[in-house]
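Colleague: Respectively, the protein sequence lines represent chains G and H. This note's numbering applies: residue 1 is where the first sequence begins, and numbers increase by one. This note's numbering applies: residue 1 is where the second sequence begins, and numbers increase by one.
It is worth saying that the hints were derived from the structure and are not from the lab. These numbers were taken from a predicted model, which means no experiment stands behind them. Yeah, the Cβ is synthetic: ideal placement off N, Cα and C, and Gly gets one too.
Simulated coverage check for chain H against chain G, where a stretch passes if three residues somewhere in it have a Cβ under 8 Å from a Cβ of chain G: (1) 24 to 30; (2) 34 to 47; (3) 64 to 74.
Negatives, chain H to chain G, calculated, CB over 10 Å: (4) Leu-8; (5) Thr-11; (6) Ser-21; (7) Arg-87; (8) Leu-88; (9) Glu-91; (10) Thr-92; (11) Ala-93; (12) Asn-96; (13) Val-99; (14) Ala-101; (15) Ile-102; (16) Leu-106; (17) Gln-109.
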Amino acid sequence: MKVLNSLRFRMATLFHRSQMNAEMEEELRSHIQHRADDLERSGLPRAEAERRARIEFGGHVRYKDESREAAGGTLIESLLEDVTFAVRQMRRSPGFALTAVLILTLGIAANVIVFGVVQALVLRQLDLPHADRVMTLQPKNGGPFLSYPEVRDVRDQNSVFSAVAAFEVQDFGLEANGVTRPVWGCEVSGQYSEVVGIKPFLGRLLNRADDDHPGASDAAVLSWSGWNSDFGADPNIVGKTVRIDKHPYTIVGVTPEGFYGTEKIGVSDICVPMANEASLDGVNWLDSRSYKNLFSIVRIKDGVTLPQVQAELDTIAARIAQQHPKEEEGLALKVARPGLIGDFIGGPVRGFLAGVMALAGIVLLAACANIGSLFAARTADRAREIAIRLAIGSSRWRILRQVVVEAVMISILGGACACALAWMALTGLASWQPPSRFNFKFQVLPQPSLILIAFLISVVAGVLFGVMPLRQIFKTDPNATIKSGGSQSSAVRRWALRDVLLAAQIALCCVTVTAAFVSLRGLGKALTMDLGFNTKNVLRTQFDLNQAGYNVDAAADHFQRQLLERVSQIPGVEAVGYANTTPLAFDAGVAAVFPQQTVDFRPSSTAFDTYYYDVSPGYLTASGTRLLEGRDVSFSDTPKTPPVAIVNQEFARRLFHSEHAVGHYFKNRSGVSIQVVGIMADGKHFTLSEDPQPAAFFPISQKADTKTTLIVRTQRDTADMVAAIRKVVSDLDRAVPIRESGPWSSQLALNLFPSQVATVALGVFGAFGLLLSIAGTFGLASYTVSKRLREMSIRVALGAQAKQILSAALGRMLILLGSGSAVGILLGVAASRLLSAIVYQASAHDPFVLAAVACTAVLTGLLSVAGPVKRALHADPATLLREQ
Amino acid sequence: MSNQAQLLPGTLDLLILRAVSLGPLHGYGILLRIGQISGNALLIEQGALYPGLFRLVRQGLLKASWGTSENNRRAKFYELTSAGRKRLREETANWNRLVSAIGSALGAQPEEV
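Extracted from the complex, chain H is given alone in its bound form:
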């Protein structure tokens, strides 16, 4: 537990989009997928997922439909819309820019300044 990192504000939406981009998923499945693709390194309280999901649906980035899960239970499945796909691309690019900027800032040596 202790080696899990707190999510930065705003990054949950990006993670959800990324998880869903790999194929339609229900809420719990999204959580598992995030764990899987992040190597279980991120701490997400389970319930916190849902406000994000509803927000993304409202923004038209995700669409939802009811179906049956692999456990044979009724569940709501989410998939990306085309707007969602576009947003994911933009956000990923943004994120990469941010990471490299912060990274180079933090990695700067005294003689480089």
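Excised from the complex, chain G in its bound form:
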């Protein structure tokens, strides 16, 4: 009768659902009424007749379900019913639902965020017309840079590209409305607009005529962001004159919003023709084949395939190498996917993202395993209910469907939260600037398609953990289960699916924890490693005198020497020096080094390439670079005295096979002999993870440069000192735009950036993995204990020892924990090899890391089984047996 009542309740809730449902209901009721009429005529009282009619009718709900299915098109309706049921289930155990949603939110959010970044940086094409035809042109080997003559040769000799362009990012002193500010600009060659193929927002873009010859045009084009930030989105901007490094330029147009050039990680404010570069850069490199400083971007003609492009590039490169053997020997070119400086950083970025994506997937899998085992445990608890439903005619598929619908609903809820979380994270990431003087901007704004991805991930995850109780449902024998009171006596000794899931989950979590520790350890090493110089209490101030109209002549030299003298008089200054640039600032020059006996200066006779810097006397002391032998550079080294250099140990080892090389000579590309006068300690020059690189310091007094980096060692680094230095610079010349000024250590933040990103990302995954394994172990341990509490209390009553009880209750748990952790650590060690590319000295063979992971695994295990163990040991047999 109770069953009937609940069925009637369900009928009532379903009654209004749709016209068809109502009709079906009415029809069935009409049937029962007709039958009751007949029964009444045979002499039964009306009430009894109706009761009999209902009983004779049979399984009302089942027939209705079947009728609905037979009538077709009602899958949605029965799904709706399942959803109602699932909501009721969730309301009945809100704790479970909340935990599951939370875990899934984190798991799915990790995936959606990572996918968002992957989509933005790797999958999505540049936002240009026919973007699939746009590629980066780069050398096959080495860095991403080309010389202008190389780009020009490809442009003039090819038949596969519709346009070939070069561009160089350059910092400009932009003078508008009487103020000079340092901005990032771009010098582009004549076909740039044809490659990108966009329409201007205002005015026009630069064209071939602008780039015809030096001085052909004073046209400049603003980017959308430059127009907004530097000119307040002035609608009458076209035709106005600005000054770039003191040279007048006329604004001829503005690029549309959403055009960020062809790189996804940066944006410049203003674009000028490359033909004018000599007046802006201070060096004429348009005809130099050895001055490789340009990125190149090309548009492939319609119908031309990549193999055809490569074949043509091979021909052109071979021809160039043959015509200019001195500079171009061995030249090889290729095209690569644009957006991340070709394959140069695109390769590592793609590799890292793939690794992180895999970790995110692992975390989600672990989360699914976790919730799956909870679901399986809960299904075991519901065995009796399921048996009853089977007995009254529900099909097993229907019950499984309900479990899966519940799972998918939980996971879609989690997915929705995850979507919101990912949206916030990506929006934050897109508006965030990494610590750097470069204007990095990540074009990672979330796309609507992410919602679809999140939804798909949710559904897959839901089905994944929803079907885990499948076997349980299908082997439930209604008779046996109802008789045994719902507890599956046989389950106690058999390895259940949830045990395997737990071990798998612990293993997966150990992988993430290992990765986190490895990168943490790497970051720790990076923070304390020997850079070759000491940034403590050092202020670094950087500007380019070229932007204030100085040339590479006596005026710049005079300014710099005056600056040196005045700054050294500021109270509290211990040492001061300047250089054209400093290590790890990403703009050090690279020059070929030739042995002294070289006569033929072609690339193949190069000994190696070295980083080089032009430094003033005192720079070594101010920067804390250790001079091991010989002397510092001096102002008495002039263009008229023999050229000298200080080289580092690596340089000396490579060229002279000895670190005692003072007095030896080497040659540069122009064949000039340079004497080594000092040996300095090795250090880092481009990235923190690099192997020792050769480096040389030349006296800036022998080779003047307008680029100036002032290094000041103070007794303490304070804001006052920064202000004092700025004041000295502006007192000397107000027009000098200071690019940056502050503690050197904070300016190195960009170098630590990759390890930091890796550490944060992996740390989050690690913490999350830990949380999951605690939750999973705790959940299963408490479940095991509560299931067997009665049995254990009987054992205690019969005199079992605590140890026996423990091994009975949790022996299997410990086996699972141990084997899971061991497998996880092994996997983690294997996976960590991948990390070493990004994180400095990341090695999973580090005993510290292994010990930390093992400790974490043991602690986690102890922590999560402590509660259930206590409960098992303190169970009072008398109370317990009475209760049941």
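Based on these hints, arrange chain H on the given structure of chain G.
Modeller: Below, chain H without anything else, positioned relative to chain G:
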């Protein structure tokens, strides 16, 4: 009760078509008619009729309309469509073939083999 036979799978549809072919009927009426024409020899659970009815309507073999029954109650009446009539003819022929085949198989004597 005990002398009633279980329906063979698939035969309920045929019985419904046959019952309705004699004139429009509502669900309960169909049940009574089947009982009447089969001499109450078949055991049909009452509710089991409806999934069959809905299936036949969906297949376009039956059409349904609301009306008033002889008991003065609202009821849904079913009648055959032309497709239903055709199907009934085919199924009846099939059934007869099946019955005679099974019958002769079961009735075969050893000497006839």
